[in-house]
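K.L.:
In order, the protein sequences belong to chains A and B.
Here the first sequence is numbered in the working numbering, starting from 1 and rising by one per residue.
Here the second sequence is numbered in the working numbering, starting from 1001 and rising by one per residue.
Don't read these hints as lab results, they were simulated from the structure.
Everything numeric in this text was worked out from a predicted model, so none of it was measured.
Residues of chain A placed beyond 10 Å of chain B at every Cβ, according to the derived structure:
(1) PRO34
(2) ARG64
(3) GLU134
(4) GLU144
(5) VAL146
(6) CYS198
(7) ILE238
(8) GLU244
Label-pair restraints from in silico Cβ distances:
(9) B:LEU1288 / A:MET218: 53 to 59 Å
(10) B:GLY1069 / A:GLY125: 21 to 27 Å
(11) B:GLY1069 / A:ASP70: 39 to 45 Å
(12) A:GLN130 / B:LEU1005: 46 to 52 Å
(13) A:ASN190 / B:ARG1170: 35 to 41 Å
(14) A:PRO111 / B:ARG1084: 22 to 28 Å
(15) A:GLN130 / B:LEU1229: 48 to 54 Å
(16) B:ARG1084 / A:SER223: 39 to 45 Å
Ideal placement from N, C-alpha and C gives every residue a C-beta, glycine not left out.
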Amino acid sequence: MGSHSSPTILLQAQHLSKSFGGVRAVDDVAIAIPQGSITGLIGPNGAGKTTFFNLLVKFLPPDRGSVVFDGRPVHGLPPHKIAQLGMMRTFQVPRVLSRLSVLENMLLAAPGQHGERFWAVWLGGRRIRQQEREMGEKALELLESVGLGHVATEYAGALSGGQRKLLEMARGLMCDPKLMMLDEPAAGVNPALLEQICGYIEAWNRQGITFLIIEHNMDVIMSLCDRVWVLAEGRNLIDGTPAEVQSHPRVIEAYLGSA
Amino acid sequence: MLGILIYSATLVTQAATLALFSLGLNLQWGMAGLVNFGHVAFMALGAYTTVLLTLGGVAWYLAALLGAGAAALLGLLIGLSTLRLREDYLGIVTIGVAELLRLLLKNERPLGWLTRGDFGIQSFPKPLWPNPQGNPLFGWLPPNQYPWVLMVVVLVVLAGTLVLLQRLSRSPWGRVLRAIREDEAVATALGKNVFAFKLQAFVLGGAIGGLSGAFYAWYLQAVYPSNFLPEVTFQAWMIVAIGGAGNHWGVLAGAALFQLYNSLPRFLPDIAPGQTEAIQVMLIGLTLIFVMVWRPQGLLGKKAELLLHR
Ligand SMILES: Nc1ncnc2c1ncn2[C@@H]1O[C@H](COP(=O)(O)OP(=O)(O)OP(=O)(O)O)[C@@H](O)[C@H]1O
Ligand SMILES: [Mg+2]
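Next comes chain A alone, as it looks inside the complex (with noise of 0.2 Å):
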């Protein structure tokens, strides 16, 4: 192959469709996000970006289309399975689990856990501790590298609107995904914290990790994404570079027709 082939995809999705009642909230969409990319999806309010995500984890049934992420089909696999697989989500308004500590937030996410399974807290108690002990060091690194080492022993519910969205990343990350995706992170964070964001977010896709990502802030997608998709009324309507996509008339005329 020449140095020009096309690039792997990790994850395809075609024909996927949900209506809630009358509405056709999805209708036919696809997507192609290729391996080690940062793939953007916009469009306007109730365009069905959100209602997307949750199909391509399992989160709702689709009515119809399917899935495949890393050359095997998802689609007909339990959300928790697909996340097993490395298809890591977070939410539109950031959701940790405010009764646990932070630290438990990221101990929570680790996978493989033996300590998950009923007898081995019986018969394991070695193997769980060294685990929790090696669990807890990868943690605080990553606490550490989104500045929230200092809150890792408080209750999560504590925590900032901000420290949230950067908590539920990084729990993320204890998945070890293979792609991450990110409902609109840039909301409700002020300007620091969204460039200290859009930073993490570049050093992780460095490090192998792919993106999909959700948002309303065109200067993020400008300046992180590869490729951008656009829905509007819950269809497909064009992708391609960032700059195609801002500058096309169709998308200037969804947005406006939807204002």
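Based on these hints, arrange chain B with the ligands on the given structure of chain A.
P.N.:
Just chain B with the ligands now, kept in the frame of chain A:
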């Protein structure tokens, strides 16, 4: 004097049984957030299974374990059919199952060979205390001193259960349960099989409820369907709420307090003849109100947790 002492042994046994029963609910509700409004069904099944098996010649400890096993099986059936549905279904189904079981026990009389319906079953073997031939272990103890023996047995079982639950709560397994209680969607997004964890918690909680049934039968020395009215379930809810949901030691404190208020009026001079029961109910209600105002998180619950927003 000795009479009061022995009576206090019975009171402790009662409290410990109630604590054991409530620990099962605390695992389900306090830790995993599962709404079980029919917890008494596990107790009833455990009690009747134990009694019938011992009557059939099975050793008391085996019978009690099998009683717990039967309750676990009931938990498995309920769990498999409802835990995948929306959470309120569990509440409805558990109420229904508990009443169904009680009515089955009650109306079995026409058959008459098993539970004897409303007549109940009154004489059956008890732990470490057999038959006229005497007991090698406690042969020296006069029969009216038996409550001491039972008290020790239940306290040992209660302590064992508490150790077991503490260990589970502190393990990664317990962490997943607490995560599920907080936000199921997050646990799922992090790759946890929420259904499997809920099922395990529900079944184990049921088994503990079943085990408490054996002690209930033993200290009452009789079982009737009317022992297993829905209000028994709500006593456990009260105890868990008073103690602080999710806190196992709190459940012990809650059970002790409940038992104190439940039995104290009997020792008081009969101020209002015939009204003792009513006064009891009032006292329990007042305690509950007092605790909820003074320590809304429960006696041993953590105050900070109440101040968090989701
Ligand atoms: N659970 C639901 N039940 C009924 N309708 C729903 C449900 N979820 C979403 N919808 C509808 O589906 C459409 C798409 O919603 P969705 O949340 O996916 O949009 P979005 O693109 O994420 O919007 P935003 O940018 O505002 O977050 C909307 O019309 C919404 O009202
Ligand atoms: Mg959305």
